[in-house]
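Peer 1: In order, the protein sequence lines correspond to chains A, B and C. Per numbering that gives the first Met the number 0: the first sequence = residues 0 to 133. Per numbering that gives the first Met the number 0: the second sequence = residues 0 to 304. Per numbering that gives the first Met the number 0: the third sequence = residues 0 to 119.
Note that these hints are calculated values from the structure, not bench results. Given the structure is predicted, the values throughout are model-derived calculations rather than measurements. You may find that some hints are simply not true.
What the hints assert, rightly or not - Under the rule of at most 25 angstroms between Cα atoms (straight-line distance), these lysine to any residue pairs were calculated in the SDA-like manner:
hint	chain 1	residue 1	chain 2	residue 2
1	C	Lys-114	B	Ser-72
2	A	Lys-129	B	Glu-163
3	A	Lys-63	B	Gln-160
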Amino acid sequence: MSAGEIRVAINSDQDIVGARQRGRTLAAELGFSSSDATLIATAISELARNIVSYARKGEIKLQKMENSARQGIMVTASDDGPGIPDVRQALRDGFSTSGSFGLGLPGVRRLMDEFEIASRPGDGTTVTVKKWRP
Amino acid sequence: MAKRAIIGNGPHVAIDPTVQMAQNEATSELLRELVAHLRQNRTQLREEWVQRISETRLLTAMTKEEIFAEATSVYDSYVEALETETFEALQAYAQNLSERIIPRGVETHEVVGIVLLLRDVLARSLFAKYQADFRKLNRILDAYEPAANRIANTVAVGFVQERERTIRQQQEAIRELSTPVLQVRERLLILPIIGVIDPQRARQLTEQLLRGIRTNRAKVVVIDITGVAAMDVTVANHLVQTVEASRLLGATVIVTGLSPEIAQTLVTIGVDLGKMNTVGDLQGGIEQAERLLGYKVVPLSDPRQ
Amino acid sequence: MEVPVLKQGKFLIATIQAALSDADLENLRRGLVQQVVRFRSLGVIVDVTSMDVMDSFASRTLREIAHMIRLRGAETVIVGIQPEVAFAMVQLGLTLEDVATALDLEEGLAYLNTKFKSLD
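Okay, chain A solo, but in the shape it has when bound (with noise of 0.2 angstroms):
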């Protein structure tokens, strides 16, 4: 079992299937059902996206979490791209809104376990999601 971290540098698009690949080999390493798989490649995938579309580069890290009772997955997108100006609005979850060119952030959170997120205009932006192996 591999300690440590995995990077993948996120530079153009091309960059996102590898990430979301990785993503998805790390979580059939840990566990994770195929479907949980899916949803965590998608949450990768949306992030990346983010990154490319905002941010023109930034990174995917993908880390393997491990406590007293179980094991989980957790993906940090960052990069250091113009920031969101309103992350409330950003957040805002209407569970109507579909395909719209905003962000995806309500969608990524649906589909992970937990959610964190910093960003300030100028200072680049961080989302961290985690989910956890029943």
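We have chain A already, so just place chains B and C on it with the hints.
Peer 2: The following block gives chains B and C in isolation, referenced to the frame of chain A:
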């Protein structure tokens, strides 16, 4: 009083780093001596341990041969953990061992019991060996105890984690059994939902239904929620998502048995009930499904005549 | 990586493979519209059976493809969405709401045939 460098899981005492390093080296050397002793006397100590295990009537679910085989592996892993001062291999072994013995009915207290017995057997042999040199015995025990405790901890925790995982799997299986997706006609599935749904069950339901649509090539699904007392916003959303996901697989969903309360909940979360296919009761829902599928139900002559 | 497009009578069938880049999707969009015009196709089936993830970009592009093909007078059907992918999609709020969907190629063809039956 000489400074002591405490290693392992014990409380940490602030200490001069050079002293720390020297002490760590001394500890490692002691552990090496200890490991050599344990390897030399492997046969005898293992025998003693197995004897103690049967005396205390542990592992009654296993045969003598099985206990001996496992005891050998545990002993070797134990000594290896002491030697390498790393515990990953031991953890992996503990998990592996647990996977094998849990289905046999071995319980937590038994696993903890045998590991502690081994610790005792080894400690006793150290007392015997170093009884002439009390100071050395003390140093050897200083090196041995934290490591031995960590080993006991690792094995016990590994076992408990595996048990919890097994229990969760069983719960999952039970949940799956209690939400049957029924095929009543070709291309038509019925999903009757009864009782309380929590978000986890709701999610499982959705996954099962979607798999069922694919396997049965269903074109219409009737989800009957007559038996559902109440639905909170989260579960109502799952219902909507189920309808939407089913459509992505080419299936139409008819929801039957919608109570006024649940209808209100759906409206609250912004569902346009006009767009959702709803029918009063299950019978009506099946009839509509048949119409959608192009079936025509023709009554045979009245059996009462 | 080019997406293979087959002609089946009045319909076109495009089979998408797993790891499609944005450029590939762009090419597909252009190519499909061109071929619809060229063959005067009535319908297009886009088979996404091999797609293991459908994110917002893929979803948006598929809708755009369907929209552009509709402007040329043809109908698009997306087939082969995997159960797990469908589940992830609705979590993200991607419902492909203005595009027809069917279980698989067979169902997709049945759908188009029914729709254009009267034109035979």
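Peer 1: With reference to the structure, classify each hint as holding or not holding.
Peer 2: We went through each hint and held it up to the structure:
1. Between Lys-114 (chain C) and Ser-72 (chain B) the CA atoms are separated by roughly 68 angstroms; this puts the pair beyond 25 angstroms, and the hint is violated.
2. For a cut-off of 25 angstroms, the pair hint linking Lys-129 (chain A) to Glu-163 (chain B) stands: about 21 angstroms separates their Cα positions.
3. Our distance criterion of 25 angstroms between C-alpha atoms is met by Lys-63 (chain A) and Gln-160 (chain B), whose separation comes to about 17 angstroms.
Checked against the numbered hints given earlier, this structure breaks only hint 1.
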